[in-house]
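Participant: Line order of the protein sequences matches chains A and B.
Its first residue numbered 147, the first sequence is counted upward by one per residue in this note's numbering.
Its first residue numbered 147, the second sequence is counted upward by one per residue in this note's numbering.
This list has only true hints and no planted wrong ones.
For identical chains, the list gives no copy identity; a pair is met inside one copy or between any two copies.
EDC-like cross-link-like pairs, simulated, lysine to aspartate or glutamate; straight-line CA separation at most 20 Å: (1) Lys207 x Glu222; (2) Lys401 x Glu267; (3) Lys297 x Glu315; (4) Lys387 x Glu421; (5) Lys331 x Glu315; (6) Lys333 x Glu421; (7) Lys446 x Asp169; (8) Lys153 x Glu436; (9) Lys197 x Glu222.
Worth flagging that the hints you see were computed from the coordinates, not collected in a lab.
Model, not experiment: these values are computed from the prediction.
Protein chains: 2
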Amino acid sequence: MLLLAVKALTFKNRQFLSRYGIDVVTPDTVTNNQIPEIVISYAWDNIIGDKMLNNPSSKLKWIQAQSAGVDYLPLELLKKRGITVTNASGLKAIPIAQTVIGYILYFARGLNIYATRQHWEPFTNQYLINELPVLVFGTGRIGRQIASHIKSFGGVVYGVNTSGRPVEEFDEIYSINNYQEALAKVKIVVDGLPGTAETQNFFDSRFFEQVNQLFLFINIGRGTTLNQEVLLTAIDDSRVKYAALDVTTPEPLPKNHVLFERLQILLTQHTSWGENVNAGRIGGLFRLFEKNVPGFVGNKSFKCNVVDLDKGY
Amino acid sequence: MLLLAVKALTFKNRQFLSRYGIDVVTPDTVTNNQIPEIVISYAWDNIIGDKMLNNPSSKLKWIQAQSAGVDYLPLELLKKRGITVTNASGLKAIPIAQTVIGYILYFARGLNIYATRQHWEPFTNQYLINELPVLVFGTGRIGRQIASHIKSFGGVVYGVNTSGRPVEEFDEIYSINNYQEALAKVKIVVDGLPGTAETQNFFDSRFFEQVNQLFLFINIGRGTTLNQEVLLTAIDDSRVKYAALDVTTPEPLPKNHVLFERLQILLTQHTSWGENVNAGRIGGLFRLFEKNVPGFVGNKSFKCNVVDLDKGY
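Bound conformation, chain A alone (with noise of 0.2 Å):
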């Protein structure tokens, strides 16, 4: 059977994937004739993928997507194709969550102070970790990442799932009806909410009604997540001091946008998974992607991270 790389696949990998009867192409070399062979896409493209999908003769079958969110995949299509797509929740929970601890340093310490400061002048208003409360939305492997280094640090997490199941890593869960209370107690709240249609703008004007002194909203989850507006009103009525934006709308943000011009602001542009070319994690996908190979080749079957296609992740 056939597999597109859309990522770079190592002499090894290739060697795995022909002991199960795997042949390779890549987006560079693929013919129109062998789009609809491909059985299997390593990662999205959207060109060769809009042809696969438009193809009524396409055996496509799985796309393992290269990240853990995957809404910019046409869900419904997928599921009316009968198409499985696994995602890569995990891969990139570490980096992720060190840029999350991060920013709320980056704030508690006073560096965004001291980033641009370029003469004399001490500022000591600062916190520890212990001092600011967190309130992580979403308690998949990033938000349990972000809760494991918190208490580390011996601060207090809280965590909000759909249904207030316990996780943990955290020292109290909530339902996403009934998170009040525990929005009450902090200074942080994490916004690591995936893209799906019911999480499409929850941080919108009722929710930040709801807040007073936040000392830093953060946004790992997807911009849809978030009405920035509305963050940039509560941050001018210093209802919240400041904002870390990973995800935001549009992305990329045109030159001159408001988000740019604000010094409570850090933007940091889609990277927070950010890693280095020499990093010990390149692979990472395809050691994920490899633990479905053998069941998906012998009985159309998958092991782990598969998306449920209806809720979206």
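We have chain A; now place chain B onto it with these hints.
Facilitator: Same frame as chain A, now just chain B:
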């Protein structure tokens, strides 16, 4: 006996002292006649301090410093006069260690790039803490707190102290005369040395000649331990990529000092210990000080935090 309270005392603190027969004067209210009667200086005031030390009939016997480093006190003279100095070692370990982790994540996760970037240009060449082994010079309470955070991020951390004696939180300890093997293995150096005759100019051209691809040099020790000119040359030669300096020579830095001009250098103006006015640790100095009060009043003995006036720490 009389105590000079250079740092503010609460009503409860004064009640405690009164039980031990200790009366309190403050710099605002102390009279010239009272100055030679002062037995304890709670924190240090340079002007009144000089008056006490220049008065041959001064009864001063104990100085409780407000800091871990005591290089600003005339240690030789104090030794001659039989005056004991206790320091605040341990009091600032938690805030300083959080600032240090903040420095590391600031540069490792690309926040230094984004702090001033006002256009869309994603930067992904980022690092994780476990990819940046750390060498800490100084394995006292601050060094140990830093090491324990590095370990909780899955990182590697070596320590350097006088004798090379093992210290729990570190992966390995090297002696100050034999740290080269460790230096060759690390990407981050933390200068946490006290300011003494021995550490003067320790990080000099000989030290930096041994450094090749250092990611980050941190100074939270004393400005006197580092030759700043040599560090600047190492940055210009790309042997050191970034620096975070809490302490500098001089302090304050004059306007237009070259250190303010380098994008690769973060300066935190001797506030890595910073705490907000509402912090639960206000009064932390007294909690440390009061441990020594019963012994001192009883038989002039001390339980903890006594400075070796020969070593200077």
